[in-house]
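There are 2 protein chains.
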Amino acid sequence: MNGGGPKKLVDLLEDPLPGVGTYEDFNTIDWVREKSKDRDRHREITNKSRQSTVALLRSLSDAFSGWLLMLLVGLMAGALAGGIDIAAHWLTDLKGGVCLIGFWFNHEHCCWTSNETTFQERDRCPQWQSWAELIVGNSEGAFAYIVNYLMYIFWALLFAFLAVILVRAFAPYACGSGIPEIKTILSGFIIRGYLGKWTLITKTITLVLAVSSGLSLGKEGPLVHVACCCANILCHLFTKYRKNEAKRREVLSAAAAVGVSVAFGAPIGGVLFSLEEVSYYFPLKTLWRSFFAALVAAFTLRSINPFGNSRLVLFYVEFHAPWHLIELAPFILLGIFGGLWGALFIRANIAWCRRRKTTRLGHYPVIEVLVVAALTALIAYPNSYTRMSGSELISELFNDCSLLDSSQLCGYNLADRPAGEGLYTALWQLALALIFKMLITVITFGMKVPSGLFIPSMAVGAIAGRLLGVGMEQLAYYNHDWLIFRGWCSPGADCITPGLYAMVGAAACLGGVTRMTVSLVVIMFELTGGLEYIVPLMAATMTSKWVADAFGREGIYEAHIRLNGYPFLEAKEEFEHSSLAVDVMRPRRGDPALAVLTQDSMTVEEVETVVDSTHYSGFPVVVSQESQRLVGFVLRRDLLISIDNARKRQDGVVSTSQVVFTEHAPTQPPEAPPPLRLRGIMDLSPFTVTDHTPMDITVDIFRKLGLRQYLVLRRGHTGRRSAAKRGPPSFGAFVILFYRPVVPNLGVPTPTR
Amino acid sequence: MNGGGPKKLVDLLEDPLPGVGTYEDFNTIDWVREKSKDRDRHREITNKSRQSTVALLRSLSDAFSGWLLMLLVGLMAGALAGGIDIAAHWLTDLKGGVCLIGFWFNHEHCCWTSNETTFQERDRCPQWQSWAELIVGNSEGAFAYIVNYLMYIFWALLFAFLAVILVRAFAPYACGSGIPEIKTILSGFIIRGYLGKWTLITKTITLVLAVSSGLSLGKEGPLVHVACCCANILCHLFTKYRKNEAKRREVLSAAAAVGVSVAFGAPIGGVLFSLEEVSYYFPLKTLWRSFFAALVAAFTLRSINPFGNSRLVLFYVEFHAPWHLIELAPFILLGIFGGLWGALFIRANIAWCRRRKTTRLGHYPVIEVLVVAALTALIAYPNSYTRMSGSELISELFNDCSLLDSSQLCGYNLADRPAGEGLYTALWQLALALIFKMLITVITFGMKVPSGLFIPSMAVGAIAGRLLGVGMEQLAYYNHDWLIFRGWCSPGADCITPGLYAMVGAAACLGGVTRMTVSLVVIMFELTGGLEYIVPLMAATMTSKWVADAFGREGIYEAHIRLNGYPFLEAKEEFEHSSLAVDVMRPRRGDPALAVLTQDSMTVEEVETVVDSTHYSGFPVVVSQESQRLVGFVLRRDLLISIDNARKRQDGVVSTSQVVFTEHAPTQPPEAPPPLRLRGIMDLSPFTVTDHTPMDITVDIFRKLGLRQYLVLRRGHTGRRSAAKRGPPSFGAFVILFYRPVVPNLGVPTPTR
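So the protein lines, in turn, are chains X and P.
If you number the first sequence the way numbering that gives the first Met the number 0 does, the last residue is 752 and the count never jumps.
If you number the second sequence the way numbering that gives the first Met the number 0 does, the last residue is 752 and the count never jumps.
Hints are not guaranteed to be accurate.
Intra- or inter-copy, both count: the list cannot distinguish identical chains.
Here are the computed lysine to aspartate or glutamate pairs in the DMTMM-like style, where the Cα-Cα straight-line distance is at most 25 angstroms [claimed, not checked]: (1) Lys36 / Asp61; (2) Lys196 / Glu553; (3) Lys242 / Glu43; (4) Lys196 / Glu420; (5) Lys703 / Glu275; (6) Lys647 / Glu23; (7) Lys284 / Asp39; (8) Lys284 / Glu43; (9) Lys36 / Asp699; (10) Lys647 / Asp548; (11) Lys284 / Asp699; (12) Lys242 / Asp611; (13) Lys703 / Glu662; (14) Lys47 / Asp582; (15) Lys196 / Glu662; (16) Lys703 / Asp39.
Keep in mind that the hints were calculated from the coordinates and are not lab data.
Whole structure, please, built from the sequences with the hints as guidance.
Quick look at the structure:
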């Protein structure tokens with residue numbers, strides 16, 4: 000500060016250059032640096048606020064900007080989710096027919112306006128005409144069926160085509176579920192544009208189209224992406240969040256909670272999802288704010304009322320009968336099924352995606368989508384359970400049969416529930432639907448359209464669960480004198496709830512695929528509202544996770560992260576072998592010596608040579624080449640920007656100028672060019688470990704502090720490893736570092752592999 | 000390992016001595032070391048499991064021991080909570096009268112067995128006799144009233160006396176709520192016996208007595224302590240948890256969730272409470288296990304069915320009317336009240352507790368309890384709202400008035416709710432009860448009996464809320480043409496629910512006192528089960544927290560931690576000033592030089608002199624006194640144990656033996672005594688920061704990694720601070736460190752104050 004060199008010194012400390020301290024695309028942020036930047040900012044505002052009223056007001060508005068932002072995110076995401084629901088509902092119905100009094104009405108809406116509808120036949124009214132009625136004037140017979148069939152396929156293809164074309168044209172990042180990428184971004188990686196406005200617009204529109212096209216995908220995962228886009232865009236309104244990557248990620252964590260909250264109408268489950276599944280850094284403050292945003296979003300969605308029933312979700316259920324302890328056996332069976340299906344699905348899907356990536360299949364995404372959409376529509380139409388949308392199917396499967404229910408699934412002969420003809424037909428159709436859904440989902444997830452995995456997974460589980468449930472029910476009906484049924488399941492009593500089995504199955508399959516635990520159970524709990532059903536859900540989810548983990552510990556999102564080569568340090572992973580930092584650090588034996596900068600004995604040109612001849616993201620600064628004691632750490636990007644800037648704007652800085660990282664420039668001959676002072680961009684407190692630190696502790700530090708790099712210091716004459724003897728002069732600290740990989744396709748997602 | 004010194008060398012590395020690696024009482028554990036120990040253990044078991052089937056089975060049983068432990072904790076804590084509920088209910092009723100058909104029946108139970116009871120007058124049956132009836136054969140009139148009054152006081156005093164005497168005699172740690180201490184223990188501190196079997200037994204019994212004595216305290220906080228004691232005791236069954244302090248704390252975190260789960264019948268809320276309020280290290284695995292344990296406990300409690308209504312809690316509520324947006328204004332008002340009350344309560348209570356600690360008041364805990372109990376009973380009896388137990392009061396205040404309700408609070412004149420005579424009386428009594436509860440709770444919390452704060456705080460808030468609620472209701476009734484009521488509150492409509500106000504008030508007050516947020520809202524949500532009431536609860540809790548924080552950021556538990564001088568590093572605290580590690584590290588300028596050990600040039604006697612002349616918990620090991628480069632760190636306790644042991648058991652180790660921390664002992668003259676090799680107890684990877692590291696980052700590292708100490712290294716010729724020039728020879732790493740304080744009464748709870 001009190002620079003006293005022989006010439007005017009330019010100090011970078013006080014006025015940081017634009018660009019210094021920012022990150023390049025596909026780079027990892029330094030959490031510690033970002034958080035400490037934010038603390039400094041906060042401290043400054045607090046200090047100023049004591050000086051004037053204006054500053055005090057500014058400090059208050061700064062403190063409340065986080066809440067305001069959360070409110071806005073909740074409102075925006077809730078409104079978008081409502082819009083998506085309404086639009087998807089309308090387009091889905093459009094595949095079957097059109098409303099004569101206004102084509103923009105969906106089926107249900109259309110018939111509301113009609114007076115001729117009775118309660119029993121809500122779905123039928125003259126205003127709503129199927130395509131066959133409209134085109135050939137006839138709704139019965141084989142010909143009409145074929146016309147409807149063809150129109151269904153036509154619309155499905157049209158929607159799918161529009162979806163994939165829009166994604167390709169405007170925002171390639173809009174495809175997929177987005178959760179793997181969001182996990183990576185939240186862990187500190189930067190993917191510019193992934194959460195931008197074009198992605199948001201494109202994803203919103205194409206999500207509606209993709210869902211309506213009847214493909215085996217859901218809107219729940221992409222809703223998380225949409226919510227995160229909203230949050231990222233709204234962050235630009237507030238300096239605090241615009242300029243700080245760590246603070247912005249707090250908001251994104253909350254947005255992930257908002258996404259699940261609007262997808263399932265489960266604010267608490269959403270927050271736990273964010274905490275358990277996607278977030279990396281989740282301080283308690285974020286917990287509370289996430290909860291706030293999730294609630295705002297849920298209530299925004301409810302006031303839009305997209306389903307017309309004041310409910311937050313399509314498949315709200317109310318069960319009346321309690322479950323019996325013996326039923327835990329089938330529930331656990333469902334858990335095993337869910338786990339097996341989850342493990343199998345992940346393997347098959349990853350294998351298929353890898354094939355897409357490596358073979359020519361990947362070059363024709365539009366054709367792929369069209370073929371899959373055509374196949375789906377072709378097979379799905381004849382079976383009423385695959386023709387309806389995924390969430391409608393789940394809703395129907397979860398439903399408990401009341402006496403008035405006209406659904407085929409409730410086709411019992413009598414009130415005391417022997418299965419009737421209708422139910423047997425339904426079971427056959429369900430079994431076929433199960434096989435179809437299982438196969439088609441594997442090739443659907445990962446295509447270049449927005450596609451969520453929650454609904455298809457839940458659908459598979461719900462079908463399996465319902466089948467098992469009806470089986471148990473009939474077993475109990477015909478064998479109520481068996482020991483296991485005696486005492487709690489008398490004939491005629493309504494003792495087994497197939498809908499509950501469907502729900503348990505759905506949870507098990509979703510759990511097997513995503514490996515969610517607490518959040519899944521809480522989401523399901525929020526759907527039913529009954530604490531007693533938590534135990535079956537928990538038993539199934541737990542079994543499912545254990546079974547699936549036995550085949551591989553990665554959930555589908557982690558598998559996709561690895562497939563795409565994103566750098567992601569999995570918090571749950573444990574180390575098998577006990578290695579020390581010295582075993583994994585670079586340079587290894589035989590590598591060229593570590594590229595370092597010295598604190599006051601290199602010229603600009605020499606520094607540039609070091610930087611140009613390597614690809615490292617940063618360089619340790621040491622006292623001198625002989626005495627390699629660590630002084631600090633400087634980032635490549637900051638270094639380049641500063642040198643460029645100095646050359647352009649500072650008088651006298653030339654290639655022979657000395658680069659000085661110390662506070663006082665060393666005395667130089669009077670004719671020398673002015674030195675370039677770079678202490679301001681140097682990190683004076685780089686993180687270090689000793690070379691004897693076990694790797695698991697090192698990785699723990701990486702995870703918990705969110706570091707970008709770590710220097711390994713070697714000191715003392717331990718003599719344990721010959722490497723130590725080959726190192727630089729044996730006194731003095733010394734050095735190396737390992738980075739998180741910087742390029743996403745490096746295929747080395749953690750620094751230790 | 001391949002020690003090749005001139006004489007037989009004893010290597011401590013392979014066979015750790017008993018005691019090495021353990022902690023003394025009132026010490027802080029090293030999380031990193033504990034976790035790394037557990038990882039080594041796990042790795043060893045995994046490796047062995049590949050060799051034989053027995054080892055595989057052992058590895059599996061090891062993996063599932065965590066779940067088994069959770070199951071046991073849930074069962075035990077649930078059963079204990081059920082027992083406490085039943086016993087407290089019985090003893091509380093005993094203050095009023097006795098059951099003739101069996102003194103062990105409580106009032107309700109007694110009248111169940113009677114056939115003469117009608118539904119309307121469930122509470123009255125000839126079998127249950129008040130003390131006046133029993134003693135003077137008359138239940139009416141002033142004399143009977145006085146007899147009952149005196150008997151009430153007698154029982155209250157008896158229970159209180161037994162409670163305080165038992166606590167003093169058997170387990171002094173059983174007093175208070177226990178949550179501050181559990182927070183401290185979970186953060187890594189060791190208080191032996193705090194979670195032991197005597198504490199458990201004493202706390203369980205005295206909790207029943209204290210609650211029954213009518214003192215203004217609740218059983219919810221102590222239940223957390225009871226659950227933690229169960230967990231700690233059960234940990235002894237499993238080596239994995241018995242031997243590892245970090246693993247045991249994971250179980251204790253889950254037990255805290257179990258405690259809240261059984262206290263409120265809110266498993267999700269319990270888990271969030273543990274996460275938000277008490278836990279320090281809460282990995283995701285713990286989240287899932289806590290949830291499991293909390294559910295097991297809740298269902299155990301329900302199958303015990305202590306309240307006889309299949310509900311988990313005494314105050315289950317169901318509201319029917321929705322709330323209106325305008326009502327947010329009174330809800331926020333309640334939030335402000337709750338915040339003010341919380342801040343005031345904390346100040347008053349801490350002032351009172353400090354007075355107890357510092358004046359002679361503290362010498363007479365038994366008399367204090369008796370005086371407060373007498374005072375409470377004396378004042379409480381005449382007012383029916385203070386006479387009933389805290390949870391009964393809250394239950395009544397939360398209740399929505401139905402038409403059949405005979406409670407005084409529902410004393411409306413007509414169905415359309417103008418207040419009647421009875422209601423006005425009730426309001427007066429409530430107002431008096433409010434003042435009484437506010438005052439008496441301040442002096443009750445902190446006495447030497449088990450005492451929870453949840454119920455008294457909630458009672459204060461519920462009374463205030465109910466008063467405001469009835470006020471709003473009457474306002475709306477008489478002024479339904481006002482602009483704010485028009486449109487949603489027509490005359491005769493039941494538009495305002497005073498019970499909801501009570502609930503919001505309770506949440507606000509509890510929030511103000513404890514500063515809980517998410518967990519509080521979720522607990523309340525689990526009580527009502529309706530998502531729509533979350534918004535009022537959230538608004539009030541948020542306001543309450545903001546208001547209370549404006550007067551001081553500490554909740555009651557943090558305040559008590561500070562009062563008792565426990566070492567606790569608050570995760571939420573932020574630093575005001577920007578200091579560097581160099582500013583706070585010891586030794587400071589003018590202090591004597593840092594006490595260090597050298598790696599191979601000190602004798603046993605010299606080491607003992609260094610250890611004896613200081614009180615530090617550990618010592619850095621450096622290369623030599625001249626070149627103070629850091630080699631490792633050794634703990635005082637480990638050092639003393641090893642030297643003692645070597646002297647007793649190893650031939651030739653005498654005071655002049657050399658202490659060697661290097662791998663190979665230096666060559667010595669042949670007549671020298673054998674060296675004492677201590678490399679095995681040295682930490683080869685002590686954590687270090689540079690002296691330029693900002694304090695907030697340093698504190699962050701402490702919090703996130705759970706460290707016990709950190710070494711501050713000073714290197715390079717930075718010359719920034721003159722202190723650097725006064726340091727040891729300026730090349731080479733250098734040193735030291737700040738500890739977490741070790742003695743609880745040090746009054747310096749964080750290393751930075």
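Quick rundown of the hints versus the structure:
Taking the closest pair of Cα atoms, Lys36 and Asp61 come within 25 angstroms of each other only inside a single copy of the chain (15 angstroms); across copies the shortest separation is 45 angstroms, beyond that limit. Proximity of Lys196 to Glu553 under the C-alpha cut-off of 25 angstroms is found in neither arrangement, the shortest distances being 31 angstroms within a copy and 41 angstroms between copies. For the identical chains of this complex, Lys242 and Glu43 are intra-copy neighbours only, at 16 angstroms inside a copy versus 47 angstroms across copies, given an alpha-carbon limit of 25 angstroms. When the C-alpha separation of Lys196 and Glu420 is checked against a cutoff of 25 angstroms, the pair qualifies neither within a copy, at 53 angstroms, nor between copies, at 63 angstroms.
Both within a single protomer and between protomers do Lys703 and Glu275 lie at most 25 angstroms apart by alpha-carbon distance, with minima of 15 angstroms and 18 angstroms respectively. Taking the closest pair of Cα atoms, Lys647 and Glu23 come within 25 angstroms of each other only inside a single copy of the chain (22 angstroms); across copies the shortest separation is 63 angstroms, beyond that limit. Taking the shortest Cα distances, Lys284 and Asp39 sit within 25 angstroms of each other inside one copy (18 angstroms), while across copies they are farther apart (34 angstroms). Taking the shortest alpha-carbon separations for Lys284 and Glu43, only the intra-copy value of 21 angstroms comes in at or below 25 angstroms, while the best inter-copy value is 39 angstroms.
In this assembly of identical chains, Lys36 and Asp699 lie within 25 angstroms of each other by CA distance both inside one copy and across copies; the values are 23 angstroms within and 14 angstroms between. For a Cα distance limit of 25 angstroms, the shortest separation of Lys647 from Asp548 qualifies neither inside one copy, at 57 angstroms, nor across copies, at 51 angstroms. Taking CA atoms no more than 25 angstroms apart as the test, Lys284 paired with Asp699 passes in both settings, with 23 angstroms inside one copy and 15 angstroms between copies. Proximity of Lys242 and Asp611 under a CA criterion of 25 angstroms is satisfied in neither setting, with 29 angstroms inside one chain copy and 53 angstroms between copies.
Taking the shortest alpha-carbon separations for Lys703 and Glu662, neither the intra-copy value of 32 angstroms nor the inter-copy value of 32 angstroms comes in at or below 25 angstroms. Only between protomers do Lys47 and Asp582 lie at most 25 angstroms apart by alpha-carbon distance; the minimum there is 24 angstroms, versus 49 angstroms within a single protomer. For the identical chains of this complex, Lys196 and Glu662 are neighbours neither inside a copy (44 angstroms) nor across copies (61 angstroms), given an alpha-carbon limit of 25 angstroms. Taking identical chains as interchangeable, the C-alpha atoms of Lys703 and Asp39 lie at most 25 angstroms apart whether they share a chain (21 angstroms) or sit on different chains (20 angstroms).
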